[in-house]
Amino acid sequence: MQPSRGDDDVPIRIWSGSDEEARAFSIRISNADDHATEIYKDQNLYLAAKNGNLEEFTTILQRISTSNHINFHDILTRSTPIGNTFLHVAAKHGKLNIANFITAAQPYLALSNNFYGETPLHLAAKSGHLSMVEALVRVHHHQPDEEATLLRAKNKKGNTALHETLLSFLENKRGKASLHGCWIRIAESLIQNDPHLSYSSNKDQESALYLAAKAGLKDCVSLILRLLPEQECLNELFNKKSPIEAAIQGKHRDVLEAMLDMKRSFFHLRDENGRNPLHHAADYGYLEGANLLRIHFPEMTTQRDKSGSFPILVASSEGHVDVVDVLLQDLPDPAEVLDTDGRNILHLAARHGRTNVVRSVLRNPHLHELINMTDEAGNTPLHLATRHWHPMAVRDFTWDKRVDIAIINDDGMTALDVAEYHMQLKDFQNIQYLTWTALMAASTPRALTGNTLGTTKTHRIDAFERQVNFLLLVSILIATVTYAAGFTVPGGYNSSDDDHNNTPGLATMLRHMAFQVFVLTDVLAMYSSLTAAVVLGWALSFDFVLVVKALHLALPLFGGALMMMCIAFTAGIYLVVHDIWWLRTGVLIMGIHFVIKLVLLGLPLCFPVSSPNIFLRYISYYPFYFLVLLNT
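Residues in the sequence shown are numbered from 1 upward in steps of one, following UniProt numbering.
It cannot be assumed that every hint is accurate.
[Claimed, not checked] With a straight-line Cα cutoff of 27 angstroms, these simulated DSSO-like cross-link-like pairs (lysine-lysine) come out:
(1) K241 <-> K263
(2) K173 <-> K156
(3) K41 <-> K92
(4) K156 <-> K50
(5) K241 <-> K156
(6) K218 <-> K251
(7) K173 <-> K203
(8) K306 <-> K401
(9) K156 <-> K263
(10) K156 <-> K203
(11) K203 <-> K306
Hints in this document: simulated from the structure, not taken from any laboratory.
When you get a sec, could you build the whole thing from the sequences and use the hints?
See below:
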C-alpha cells in the first residue's frame, strides 16, 4: 500500500535517497538517544499503529507533519523508551497494513534495533504473525545482501528470528495452542528463505536445529537436514549442543527416527564429554530411545565416555532402573563393566543412593557376583552406601544374607568403621545416625581396635554432646514443671474451714475424671523425665557405644514425658472451664488434635529403629523408613 495524502493535501513522499544514505540513516535511528520517548508525543498515533487503524494513522501523521513542520520520515523514526519504532509496534501486534505503509516509506526501518537488539522481524516471529514475517522478509527480497542481514540479525542474546520462533514454541508448548501452527510455519518459512540460518548458534550455543529437535518439530528437523549439505558444518553443530541429545531429552522418538533416516552417520559423533547418544538416553532415563539406539547401534553399549563410564553405569548412577534392565540384556558379563575406579553398576547405585537399582540388582540371581565386589580402593557397595549416608540402601544390603558385612577396605575399615570415622560434630546429621543404626542392627563388626579405634573416636564423642546437653536440660525443665503442677492442682485443696464432710488437704476436684487424668499424666511425665535425665547421665562417661545407647533409651522416655505433659495440661484447662460447654469442647478438641500429632511424631522413638532380631527388624522397618523420609 502506498502512502496516502493527508487532509491538507500535502504529499507524504517515499524515501528517495541512496542505499548508503539509507543504511546510515537506519543506524542513526537505532542509536539516537534524542528519539527516546518521542513516540509518545502523540499517543493517538501510537495507538493507531498498535490497533492497525491505517486511516487514522496517516491522518494524524499528516497533521503532525504539517503543524510542526517536521519531516515525515523523522516522525516514523521516533521510538519508545526501549527503542521500539512504529514498525516494531506494528510487527509485534501483527498490524500488516501499518507495517506495509511504513516499509514502503522507509524500508530500512526493518533493520532497526531496539534496546534488546531486536528487529521488527524478531518481534513478529516471537508473536507468531506469519504474514508479518513474510512481509518483512519481502521488503529486501530484491537485495540479497540486505535480506540476509535481516534474516541473520541477532539480538543481545544471540538469537535470530528463527531462534526466537522456536524458543517461543518451546516456552508456550503447554499454552497458546492456537499459535503452535503459526510458529511452525514461520520456522519453516525462515528456513526455506535462508537455510544457513540453521548453522547459527546463540550465546547459549543453541542452533536452530538443536531447538527444533528439542521442541519435537520433526518436519523442521527434516527440512533443515535436507537443505543443509555441508557435512563439516553439521558435524560442528552435533559436536556442540547435539540435536540428538535434544531429541532424547525431550523424548521425541519421531525426531530421532527422522535423523536416523537422513543422517545416520551423525549418531557416531561424540559430544565434548565423549558421550554417545546412548549415554544421553541413559542419563535422561529415556527407555524408548535407549531401546531404539541399542538396536541400531549395538556397539554403543560398550563405549566409554571421557570419564570412563559406560551407558549402563550412567543409568545406574541416575537411578533409571528400567534402562539398566534393558542394557543388561546386551552385556554377557556385567562384572566386567567397570568405570575407571573399578566400580560396577551396584557400586554406583549405592554411591548415589539409588535404592530402586540396588533392590533390582539384589533380586537378580544372575548378578550375585556384583554384591561383594570391591573397587580399586577395596570398597564394596555397602562401604560406598555407608560413606555417602544412604540409610535405606545400607538397610537393603544388611538384610541380604549374601552381603559380607565384614569385608575390610584398603584403609583397614569395615562399613561400620567408615560410618563411625566420618561422624563428626561439624557436619553431624540424623541421616548419619540412621545409617550407623542400620549397620549396628546387623551386628556389623569393627576392624579397628585398641589405639587405632580410640584415635578415630576421640574427635567424634563430641558429636553427641550438644544433643545430650539439650535433652538433659529439657528433661530437668519438664520434671520441674510437672513437680510444681503436682502441688498447684486445678481447683486447689479443701481447707479446715470447709464443710466437715470434706477432709482438709484433699483436692477439691478429686472425684472428677479429668482431675484423675491430670494427676496420672503429670506423675508419669515427671518420672519419665527424671528417668531420661538419669539415663542421659550415662552419656557423661564419654564411652562412644554407651553414649549412643543412652541416647537411644532416653529419647522414648523424653518423648513420652512430652506427651504426658501435654495431656496433663489439656485435662487441667478442661477442669477450670468445664462449666462453659463450648469452651471446654474447644479445649478438648485442640488437645486431642495435638496429642495425636505428638504421638505420631514420637512413635518412631518408642520403637527400636533397627534390631538384630529378624522379627523386630520387620516391625521396625516402618519407623525407620519414616525417620529416613523426615531426614532426606
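Hints, one by one, checked against the model:
1. In summary, the hint linking K241 to K263 is supported, as the alpha carbons are separated by about 16 angstroms, within the 27 angstroms threshold.
2. Simply put, K173 and K156 have alpha-carbon atoms about 24 angstroms apart, close enough for the 27 angstroms limit, and the pair holds.
3. Taking the CA atoms of K41 and K92, the gap is near 20 angstroms; set against the 27 angstroms cutoff, the hint holds.
4. Between K156 and K50 the CA atoms are separated by roughly 25 angstroms; this keeps the pair inside 27 angstroms, and the hint holds.
5. Between K241 and K156, the direct Cα distance comes to roughly 20 angstroms. Compliance with the 27 angstroms bound is thereby established for this hinted pair.
6. A C-alpha spacing of about 12 angstroms is found between K218 and K251, which places the hinted pair at or below 27 angstroms, so the restraint holds.
7. Between K173 and K203, the direct Cα distance comes to roughly 22 angstroms. Compliance with the 27 angstroms bound is thereby established for this hinted pair.
8. With a CA separation close to 37 angstroms, the supplied pair K306 and K401 exceeds the 27 angstroms bound.
9. Distance hint between K156 and K263 is unfulfilled; the C-alpha atoms sit about 32 angstroms from each other, more than 27 angstroms.
10. A hinted pair counts as satisfied when its Cα atoms are at most 27 angstroms apart, and K156 with K203 qualifies at roughly 9 angstroms.
11. A hinted pair counts as satisfied when its Cα atoms are at most 27 angstroms apart, and K203 with K306 qualifies at roughly 25 angstroms.
In the structure shown, a violation is registered for the earlier hints numbered 8, 9, in ascending order.
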